[in-house]
Amino acid sequence: MDNMCQIPKFNIWDKSISRYITKKYKNKKCVKTYENNYYTLNNGLLKLNSSTLENSTCFYACIYPIGDNSLTKGKYEKIVNPVILDCDTFHIYCRKPNITIFEDLNFHIRSINFNNQVSSNVSKINQNFVESSKKYNVHIFVIDSLSYYQAKRGFEKSRNLFREKYQSIEFPFLNRVADNSRPNAYSFLMNKNSLNIIDIFGTKRTIINDWKNDDPCNVPLNDTTYIINQYKKMGYITMNAENYWYGGVFNWNNCKSFTKQQADHTLRTFQLANRVISYKLVDRITRERCFGHGNYLFEYLKQFSERYKDKPHLSLVWESNAVHNDINGIMDFDNYFENFFSENINLFKNSFMFVMSDHGFRLGSFQDTQIGKFEADNPYLMISVPIELRNNKQLLKTLKENSNKHISHFDVYATLLDILTEASKTNFENLKEFDLSSIVNFKVKGKSMLRPLQIKNRSCYELYVPLENCLCQFNFTKKYFISNKEQNSLKYAFLDEINKNIINNNLTNICAKRSLNNNYKFNIGKAYLKNETPVYEVKGHVLPGDGIFSGFFNGDFQLINNELLRINSYRSESESCLYEGKNSKYCFCKKLIKQD
2 MDNMCQIPKF
12 NIWDKSISRY
22 ITKKYKNKKC
32 VKTYENNYYT
42 LNNGLLKLNS
52 STLENSTCFY
62 ACIYPIGDNS
72 LTKGKYEKIV
82 NPVILDCDTF
92 HIYCRKPNIT
102 IFEDLNFHIR
112 SINFNNQVSS
122 NVSKINQNFV
132 ESSKKYNVHI
142 FVIDSLSYYQ
152 AKRGFEKSRN
162 LFREKYQSIE
172 FPFLNRVADN
182 SRPNAYSFLM
192 NKNSLNIIDI
202 FGTKRTIIND
212 WKNDDPCNVP
222 LNDTTYIINQ
232 YKKMGYITMN
242 AENYWYGGVF
252 NWNNCKSFTK
262 QQADHTLRTF
272 QLANRVISYK
282 LVDRITRERC
292 FGHGNYLFEY
302 LKQFSERYKD
312 KPHLSLVWES
322 NAVHNDINGI
332 MDFDNYFENF
342 FSENINLFKN
352 SFMFVMSDHG
362 FRLGSFQDTQ
372 IGKFEADNPY
382 LMISVPIELR
392 NNKQLLKTLK
402 ENSNKHISHF
412 DVYATLLDIL
422 TEASKTNFEN
432 LKEFDLSSIV
442 NFKVKGKSML
452 RPLQIKNRSC
462 YELYVPLENC
472 LCQFNFTKKY
482 FISNKEQNSL
492 KYAFLDEINK
502 NIINNNLTNI
512 CAKRSLNNNY
522 KFNIGKAYLK
532 NETPVYEVKG
542 HVLPGDGIFS
552 GFFNGDFQLI
562 NNELLRINSY
572 RSESESCLYE
582 GKNSKYCFCK
592 KLIKQD
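Using the working numbering, you'd call the opening residue of the sequence shown number 2 and step up by one each time.
FYI, nobody ran anything at the bench for these hints, they're computed from the structure. There may be inaccurate statements among the hints.
[To be verified] Each computed EDC-like pair below joins lysine to aspartate or glutamate, with the alpha-carbon atoms no more than 16 Å apart:
1) K398 <-> E171
2) K583 <-> E498
3) K398 <-> E430
4) K261 <-> D224
5) K30 <-> D333
6) K540 <-> E564
7) K158 <-> E171
8) K33 <-> E289
9) K24 <-> E157
10) K136 <-> D311
11) K540 <-> E463
12) K257 <-> E289
13) K257 <-> D215
14) K136 <-> E430
15) K350 <-> E165
16) K25 <-> D327
17) K522 <-> D547
18) K257 <-> D216
19) K527 <-> E487
20) K444 <-> E463
21) K350 <-> E389
[As the list claims (entries may be wrong)] Here are the computed distance ranges between Cβ atoms for each label pair:
22) K394 <-> N351: 14 to 20 Å
23) D369 <-> F115: 46 to 52 Å
24) D87 <-> D369: 47 to 53 Å
25) P221 <-> C31: 37 to 43 Å
26) E289 <-> N43: 18 to 24 Å
27) W246 <-> Q395: 43 to 49 Å
28) I456 <-> C31: 45 to 51 Å
29) F115 <-> N255: 30 to 36 Å
30) D369 <-> K97: 55 to 61 Å
31) Y247 <-> S438: 33 to 39 Å
32) K153 <-> Q395: 24 to 30 Å
33) K27 <-> T427: 46 to 52 Å
34) R285 <-> K312: 32 to 38 Å
35) Y35 <-> K312: 28 to 34 Å
Quick caveat, the model's predicted, so the values are computed rather than measured. Glycine included, each C-beta is placed from N, C-alpha and C at the ideal position.
Input sequences plus hints: build the corresponding full structure.
The following block contains the structure:
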């Protein structure tokens, strides 16, 4: 086994996944029933209709964000004259004596004066950087859990639209850097790695994660490197919109995230409105306006892009529901996505577009297939450049050449930073190799895809990708003799890692101790490094329940990188006692064990 990166290829319709993937998907139709005859909302101005003023009394309250994951509702004010709203989300209701006749929850892009923002913030960028006069809009659209292969199967209309109308380029060899959304977001949005990166070949030092001994979940995030913050410093107007009902990507697992609001505009106030407004109202509005398909993300993005069409702006939209729990859901979402970006091509044609994912589908036994495991590590990425730059032959040539290279999320971050800084400074003409770390106050871990990447594929170590998520095919085999001592030691170490996570995190009162399920084979693959040191790849099933885990162990039977991969879904095993916990994947709730 050597450190050469060989990425395998698969038939996207492989028989092993035929029971998981459908070629035909019945689209879920939604008919809008929402009616509003009571008020208008134009350019941030809330105005009651004349008949409403005559026949009822109406009140409104703004909903404001607090940091990244909290809300507060303002005081209800009676509406007499038109109101300029200072919030992006508001609640309104109208009454006649003793009865509410109308109630609504709505959002828009409020009016903000940005005249003083640039001059006060530009100086915070490294003084070596000279501000560019040309700023292109940038839009990042994340579709959670979409792999490159599944995009080829079910995202066909959108891919065709973007390749034909936006001249997009796909990057088939993007490698996730961690298991789930949050640590991957650290990499492509913050240039941060949350895992130690070990060189199993023993020739390079271990790369220590950016938080060292701290858990990034338990400490407030520093926004210094956050890409939204970087763009704000350079005068961009920024927006963030997500639709995961529990919170933002950095809040997952009850994490602290940012203490201050990051984007100028956020849809978090609508996303989490049921914390301060009746759930029944939120549910009704969602159904009546057909927001269940991520449509409110599209609507907010459209309003944002229209309001700031003459000012440089950046958006980060994260669609969490389309594919996360249903691998075939992309086929339904494809219609909405294609329709939106086809109808609004004039809004986005002169922008950098990043259509991407954090990781591939990672729930259920799909990941237990060889191709399924590969797809989990291979998120989708498609990039298009502004129409003004599509005649830049060198830029397009470089992007196309780099599309055949092995890359990671850190390269996405570097590309976003390059667009903001050095590349735009030269109007994307001088795109030779360049050290982006020289113009900011931190080390940029990735390489900009706007510039030539080295001919030889970089290793997962160089890409900050841990072994368990590496796309490179290592020659683990069962042909090597594995002694009883090796088998028993690996079984013990495997179980110990699972139960250690339960014990060390004080979960023994709610989570059961787990043991091997001997009804399934404990799979061991073995490989030898150049120095004849063995490395093991193992996979086993555990009781109670049916947890399937895999991991890599060194010759001393120690888990490499301290992380086991959970192959199948664990929601039914853990959420009743440990909802959205960092260690939920290891937990089987004691309350679920049937009493004799």
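Hints and how they fare:
Between K398 and E171 the CA atoms are separated by roughly 13 Å; this keeps the pair inside 16 Å, and the hint holds. Restraint check for K583 and E498: the C-alpha separation of about 15 Å stays at or below 16 Å, so the hint holds. In summary, the hint linking K398 to E430 is supported, as the alpha carbons are separated by about 13 Å, within the 16 Å threshold. Only pairs whose Cα atoms come within 16 Å are accepted, and K261 paired with D224 is accepted, the gap being roughly 9 Å.
At most 16 Å may separate the alpha-carbon atoms for a hinted pair to count; K30 and D333 meet this at roughly 9 Å. A hinted pair counts as satisfied when its Cα atoms are at most 16 Å apart, and K540 with E564 qualifies at roughly 13 Å. Our distance criterion of 16 Å between C-alpha atoms is met by K158 and E171, whose separation comes to about 14 Å. Between K33 and E289 the CA atoms are separated by roughly 5 Å; this keeps the pair inside 16 Å, and the hint holds.
For the hint pairing K24 with E157, the CA-to-CA distance comes to about 12 Å; that is within 16 Å, so the pair holds. Among the hinted pairs, K136 with D311 is consistent with the structure: their alpha-carbon atoms are about 11 Å apart, no more than 16 Å. For the hint pairing K540 with E463, the CA-to-CA distance comes to about 26 Å; that exceeds 16 Å, so the pair is violated. Proposed proximity of K257 and E289 is contradicted: the alpha carbons are some 33 Å apart, above 16 Å.
A C-alpha spacing of about 13 Å is found between K257 and D215, which places the hinted pair at or below 16 Å, so the restraint holds. Among the hinted pairs, K136 with E430 is consistent with the structure: their alpha-carbon atoms are about 14 Å apart, no more than 16 Å. About 12 Å separates the Cα atoms of K350 and E165, which keeps this hinted pair within 16 Å; it holds. Taken as a hint, the K25 and D327 pair is honoured in the structure, with Cα atoms around 14 Å apart against an allowance of 16 Å.
Of the pairs offered as hints, the one joining K522 and D547 holds, with about 13 Å between alpha carbons and a cut-off of 16 Å not exceeded. This hinted pair checks out: K257 and D216 have alpha carbons roughly 11 Å apart, not beyond 16 Å. For the given pair, K527 sits about 11 Å from E487 by alpha-carbon distance, which is consistent with the 16 Å threshold. For the suggested pair K444 and E463, the alpha carbons sit about 14 Å apart, so the restraint of at most 16 Å is met.
Pair hint K350 plus E389 holds up; C-alpha atoms about 9 Å apart against a cutoff of 16 Å. A hinted range of 14 to 20 Å for the beta carbons of K394 and N351 is consistent with their spacing of about 18 Å. Taking 46 to 52 Å as the suggested C-beta distance range, the pair D369 and F115 conforms, at roughly 51 Å. One distance hint, 47 to 53 Å for the beta-carbon pair D87 and D369, holds here, with the actual separation near 51 Å.
Between P221 and C31 the beta carbon distance is about 39 Å. The supplied range of 37 to 43 Å therefore holds. The hinted window of 18 to 24 Å between E289 and N43 holds, with their beta carbons roughly 21 Å apart. In this structure the hint that W246 and Q395 lie 43 to 49 Å apart at CB holds, the actual value being about 45 Å. Range check, I456 to C31: about 49 Å between beta-carbon atoms, so the 45 to 51 Å window is met.
Distance hint for F115 and N255: a CB-CB separation of about 34 Å, consistent with the stated range 30 to 36 Å. The hinted window of 55 to 61 Å between D369 and K97 holds, with their beta carbons roughly 60 Å apart. Taking the beta carbon of each, Y247 and S438 are about 35 Å apart, inside 33 to 39 Å as hinted. One distance hint, 24 to 30 Å for the beta-carbon pair K153 and Q395, holds here, with the actual separation near 28 Å.
K27 and T427 have their C-beta atoms about 50 Å apart, which keeps the hinted 46 to 52 Å range intact. The supplied range of 32 to 38 Å is met by R285 and K312, whose beta-carbon atoms lie about 35 Å from each other. Evaluation of the 28 to 34 Å hint for Y35 and K312 yields a pass: the beta carbon distance comes to about 30 Å.
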